[in-house]
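**Student:** Sequence:
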Amino acid sequence: MKHFDYETLERRQEIFFQEPEHFTKFTDRETLSYALGATLYMPALKKSIAQDLIDKKLAELTSMVIDLEDAVGDDQLQEAERNLFDQIQILSDALDKQLITIDDLPLIFVRLRSPEQMQRITTELGNYQRVLTGYVFPKFSYETGKKYLAILEANNRDGMLLYGMPILESSDIIYKETRIATLLKLKELIDAYRDYILNVRIGATDFCGLFGIRRNVDTTIYDVALIRDCLTDILNLFNRQESGYIVSGPVWEYFSKDQRILKSKLRMTPFQDRYGRTGMQKRTEIINHYIDGLINEVLLDRLNGIVGKTVIHPSHIKTVHSLYTVSHEEYSDALSIIANSEGQLGVLKSQYNNKMNEMKPHLYWAKRILLQARIFGVYNEDQDFTSLIMDTQLEEEFYEVKV
1 MKHFDYETLE RRQEIFFQEP EHFTKFTDRE TLSYALGATL YMPALKKSIA
51 QDLIDKKLAE LTSMVIDLED AVGDDQLQEA ERNLFDQIQI LSDALDKQLI
101 TIDDLPLIFV RLRSPEQMQR ITTELGNYQR VLTGYVFPKF SYETGKKYLA
151 ILEANNRDGM LLYGMPILES SDIIYKETRI ATLLKLKELI DAYRDYILNV
201 RIGATDFCGL FGIRRNVDTT IYDVALIRDC LTDILNLFNR QESGYIVSGP
251 VWEYFSKDQR ILKSKLRMTP FQDRYGRTGM QKRTEIINHY IDGLINEVLL
301 DRLNGIVGKT VIHPSHIKTV HSLYTVSHEE YSDALSIIAN SEGQLGVLKS
351 QYNNKMNEMK PHLYWAKRIL LQARIFGVYN EDQDFTSLIM DTQLEEEFYE
401 VKV
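Taking the numbering used here, the leading residue of the sequence shown gets 1, the next gets one more, and so forth.
Wrong hints could be hidden among the right ones.
[Stated by the list, open to error] Straight-line C-alpha distance at most 30 Å; calculated DSBU-like pairs for lysine-lysine: (1) 187 to 360; (2) 367 to 2; (3) 139 to 185; (4) 57 to 46; (5) 367 to 185; (6) 2 to 47; (7) 176 to 139; (8) 46 to 139; (9) 139 to 47.
Honestly, the hints are just simulated from the structure, not real lab data.
If you're wondering where the values come from, they're calculated on a predicted model, not measured in any experiment.
Hey, can you work out the whole structure from these sequences and the hints?
**Tutor:** If you want it as structure tokens, here you go:
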């Protein structure tokens, strides 16, 4: 698997100063935690999951979650589990028949409902779990988390490699009076299983539901004061240098046209200056499909140290990945900071002559940028996110998923 590998060699040479590197589920955990990018959710009832992956129907897809929780009605659960087993077995058989390789597969996760369900599923799947990268644990609490992680550890034997991704979305995390104590306890538990944790995810939709609120197409999750306050505390604990976890961004839940109230913040210049009328047409298309809202939120995610995002529509994938691709300026700054971090200099003007790079305060940022550059690549000096999304097809057809 490799981000933007579907692009032609000529296009990649035009766009990238440094191309993204290949990765699989066996890539080292620190690097792999950056690799998920836009993680597409799809319901476990979907009958074509395996065949779509074998046929590479979604070329941009690099990580996905087969959802047994919110995307499946209670009365459909038995059918969904049966289909999950069938799809995983089809993929495993395709590996045996060399129809695909592990490098062809995106990182595949299963979102569960309970530890009891996880025990049942892992037992039945057995060695078929080799096609999975791991499991997603919704409404992660201390008590259920202990059970989830114990089962996960038990399945990491005999050459099996599986990761867990807890979702922080329960009431004791969003409610002010219990938040810090709950987060500290959860972090203690997660730290005990650090080697099995790929990243920490945030369930902003569930948080909003507890207050009967929902952001609209003209706003980001950071405009919702209650959620922003909670995100700040989660990032403070899990994203600090000594913690070393990657925190993934909440889902963007809009994908098609509707009435807007506020003017789009998406600037005309990146589209008009380089692509003229064609660029302006693409900008209009992006706005009509609310991709401008997604762009705005991902930029805020990045600013706050978040890497990756849950998505519900294939047209979101390339947009998210294009925004996590490292600019030539960021890459140059990071290299300069790393090269001068041994004490020779304390501060140095950037190669772009527009800022000062401080070696000690910016060192952790620089290390993260270089890891991100390995996974998503580095733009050439005259390239940016528009270079990748100009040819994105924004389908009207709704891709039937729920989160």
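**Student:** For each hint, tell me whether it holds in the structure or not.
**Tutor:** Right, here's what the structure says about each hint:
no.: 1; hint: 187 to 360; in the structure: 27 Å, holds
no.: 2; hint: 367 to 2; in the structure: 21 Å, holds
no.: 3; hint: 139 to 185; in the structure: 14 Å, holds
no.: 4; hint: 57 to 46; in the structure: 14 Å, holds
no.: 5; hint: 367 to 185; in the structure: 28 Å, holds
no.: 6; hint: 2 to 47; in the structure: 26 Å, holds
no.: 7; hint: 176 to 139; in the structure: 17 Å, holds
no.: 8; hint: 46 to 139; in the structure: 23 Å, holds
no.: 9; hint: 139 to 47; in the structure: 27 Å, holds
Checked against the numbered hints given earlier, this structure breaks none of them.
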